[in-house]
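Peer 1: These are the residues of each chain, in order.
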Amino acid sequence: MSDAEVTVKSATRVNDELLSSLRPPTLAWYLLAFFLGVVVACGLAAFTWQMMNGMYVTGKNRPVMWGFYITGFVFWVGLSHSGTMVSSILRLSRANWRRPILRAAEAMTVFSITVAGLFPLIHLGRNWTFFYMIPYPNQRGLWPNFRSPLLWDMTAITAYIIGSSLFLYLGLLPDLAVVRDRTTGWRHKMYAVLAMGWRGSAHEWSVYHKASTLMAALIIPVAVSVHSIVAWDFAVTVVPGWHSTIFPPYFVIGAILSGVAAVITLMITIRKVFHLEDYLTPLHFDNMGKLLLVISLLWTYAYFVEVQITWYAHEPIEWEVFSFLSSRYTPQLLIMLVGNSLLPIIFLCFKKLRRSIGVMLVVSLWVNVAMFIERFLIIVPTLSHKNMPFAWGSYSPSLVETLVNLGALAGFVLLFILFAKFFPIVAISDVRELDVRKAEVPMGRTRVPSIAEKE
Amino acid sequence: MEKQTSPYKWGMVIDLDRCTGCGACVVACQAENNVGICEKKEISEGRNMHWLRIERFWLGEYPDVRVRFLPVMCQHCHDAPCEPVCPVYASYHNPDGLNGQVYVRCVGTRYCGNNCPYAVRVFNFYPHEWPKPLDNQLSPDVTVRSRGVMEKCSFCIQRIRRAKEEATAEGRLVRDGEVQPACAQTCPSEAMTFGNLADLRSRAARLARSPRRFHLLEHLGTHPSVIYLKGGGREHV
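Just so you know, the sequences run in chain order A and B.
With my numbering as the guide, the letters of the first sequence map in order to residues 1 to 455.
With my numbering as the guide, the letters of the second sequence map in order to residues 1 to 237.
For reference, chain A alone in the conformation it holds in the complex (with noise of 0.2 Å):
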């Protein structure tokens, strides 16, 4: 394996590298985090300027009652995905390369589902009674409407928030104890508390074995059920161009072809960052491209398969939503379609471009610029061009709206970096017990691998 450098590398040293992100921080990340910080107190300061004054200050007007915020919405789900694809689908398929991107895929998906589940708060017109959603006995006597996709969306939400968290938590478990045994003062008591007296101990590590495959199996179940609700948002509605049985599939296989993408670009992010060039290398950039490229084929059926059928059928309402689509937003189309398809298609095929830092930058990067396209298109042209041809409208996305927006990414982000500073970014245990399984002891005149693979 091109990684075998790893082995060399003695258990303190690995330890001390991969602890590295937790050293007082530094000029720039102080920088970093008063910039993220300034936008995402615009984007409240916007949010709080809508709540004041009224829903106008968005673009939205009848017949587009959904904008931004449902794309931002959607988006973020979607982006949700990369914990579940890429650490429990590879836990699961024991894919060893996973280990060092897991934990960071994990924490993406934590922050960015808890970014998602604020979105449609923040498009309610009444968002001071949100609470009448959540199902509780109340003095109103009223009990929220199970029928209706939203409630599916929070109760989906929110089981995902709980179990992600749980799931990024139980990974932590060893590596917090790592952190609590190297750190004094307060920051010693904080990661004791949080290490839950972890000792490992082979009882505790055989407990934390089963339970980390458990939660593996258990998340994906619920990710996926999470944007199926998501697109039966559309599907279940009589609306043309969202009513389509293809939305629930069609929209896990977005959603993880953002998260894929997502991971690609925090892993070249890390990397430069943290200094983790041996432990992120070009082996893993070659695996990941793999899975976005077969994810990318499999988006580009779907998408295929959705377009295909309705230019067959050729219902004049539906095809009319087509029509207005690809004449109206031209550029747009075309942007998602070369980041979505073209792009990771062409460029991923070869070995020397997927093991390219900067090819690889390029194309994760321009997918998620294409998913969120790509959720624009799906609700907007949608909504302008509906039944009642004498109620078509358009829209276009107010500086309020930008700006919430705007606000979410940086707030993921100053997530993102403050959980960098706080806990093990790369899976200590999770790298050291590959070092271990690899590592070959002396045993009478033959050498045998320390630890037998579990079948």
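Mixed in with the good hints there might be a few duds.
Claimed, not checked - 20 Å max Cα-Cα, derived SDA-like pairs, lysine to any residue:
1) B:Lys-230 x A:Phe-390
2) B:Lys-41 x A:Gly-54
3) B:Lys-40 x A:Ser-394
4) A:Lys-210 x A:Val-436
5) B:Lys-41 x A:Trp-392
6) B:Lys-40 x A:Gly-54
7) B:Lys-41 x A:Pro-397
8) B:Lys-40 x A:Gly-59
9) B:Lys-41 x A:Lys-210
10) B:Lys-40 x A:Val-436
11) B:Lys-41 x A:Ser-394
12) B:Lys-41 x A:Gly-59
13) B:Lys-41 x A:Ser-398
14) B:Lys-230 x A:Met-388
15) B:Lys-40 x A:Lys-210
Unchecked claim - Partial chain A-side listing against chain B, Cβ under 8 Å, derived:
16) Gly-37
17) Pro-63
18) Trp-66
19) Leu-124
20) Ala-391
Stated by the list, open to error - Residues of chain A placed beyond 10 Å of chain B at every Cβ, according to the derived structure:
21) Arg-94
22) Asn-96
23) Thr-158
24) Leu-173
25) Lys-189
26) Thr-269
27) Leu-333
28) Asn-387
29) Arg-447
30) Pro-449
Derived by calculation from the structure, the hints in this document are not laboratory data.
Glycine residues also receive a C-beta, built at the ideal position from the N, C-alpha and C atoms.
With the hints as your guide, set chain B onto chain A.
Peer 2: Structure of chain B alone, referenced to chain A:
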């Protein structure tokens, strides 16, 4: 369709061969239901509050131009797409076949507005005010809606309620023609007929059996309570 649990099934028949597109119904509706007064800016942004709109379609080339009018309000569907999607039951179906909207319950997800194929649901994007003399015109029977909630045609439910109360007090059912919404009352060409479709002898039910009948977007299977009449041939255009 649900089982009939009430002696009433309110419906309206709109004879398009009679409609002149004068717009009196739009004004009457605005006055009756405390519909917000919109400025020019609001309307140009596509945020007008009309519960009832007259769709106008031009046919033919100059000089042989004809115009068709289509008054569209909430169709009070019996299988309404707006009802199941509301997370808080602000949009609900009442036993009389009306499609209700509870303003105080509405949180403003606007999902119903997206799912309404007729695009008749209007959202309070702006807070609305009634400048000084106009506030005297506000009807005490109708809630004044705050910004951030969805509203729509109610078939003047306040009038229906009053008629039902009077009828109950006298121990009878509401008589045909005893109640009608503001639009039907105002229509100078009597294109709109409101009545109880469950009573087969009512004027509305008799008109609804006309061979000229059709529903808007009938293929969607929403089973609207509004029935349109339209004859064929050029003389009817």
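Peer 1: Hint by hint, note whether the structure agrees.
Peer 2: Do the hints match the structure? See the list:
no., hint, verdict
1, B:Lys-230 x A:Phe-390, "holds, 19 Å"
2, B:Lys-41 x A:Gly-54, "holds, 15 Å"
3, B:Lys-40 x A:Ser-394, "holds, 18 Å"
4, A:Lys-210 x A:Val-436, "holds, 19 Å"
5, B:Lys-41 x A:Trp-392, "holds, 18 Å"
6, B:Lys-40 x A:Gly-54, "holds, 18 Å"
7, B:Lys-41 x A:Pro-397, "holds, 17 Å"
8, B:Lys-40 x A:Gly-59, "holds, 17 Å"
9, B:Lys-41 x A:Lys-210, "violated, 63 Å"
10, B:Lys-40 x A:Val-436, "violated, 74 Å"
11, B:Lys-41 x A:Ser-394, "holds, 16 Å"
12, B:Lys-41 x A:Gly-59, "holds, 13 Å"
13, B:Lys-41 x A:Ser-398, "holds, 16 Å"
14, B:Lys-230 x A:Met-388, "holds, 18 Å"
15, B:Lys-40 x A:Lys-210, "violated, 66 Å"
16, Gly-37, "violated, 29 Å"
17, Pro-63, "holds, 5 Å"
18, Trp-66, "holds, 6 Å"
19, Leu-124, "holds, 5 Å"
20, Ala-391, "holds, 4 Å"
21, Arg-94, "holds, 42 Å"
22, Asn-96, "holds, 44 Å"
23, Thr-158, "holds, 14 Å"
24, Leu-173, "holds, 37 Å"
25, Lys-189, "holds, 43 Å"
26, Thr-269, "holds, 36 Å"
27, Leu-333, "holds, 22 Å"
28, Asn-387, "violated, 4 Å"
29, Arg-447, "holds, 63 Å"
30, Pro-449, "holds, 55 Å"
Of the numbered hints given earlier, the model fails hints 9, 10, 15, 16, 28; all others are met.
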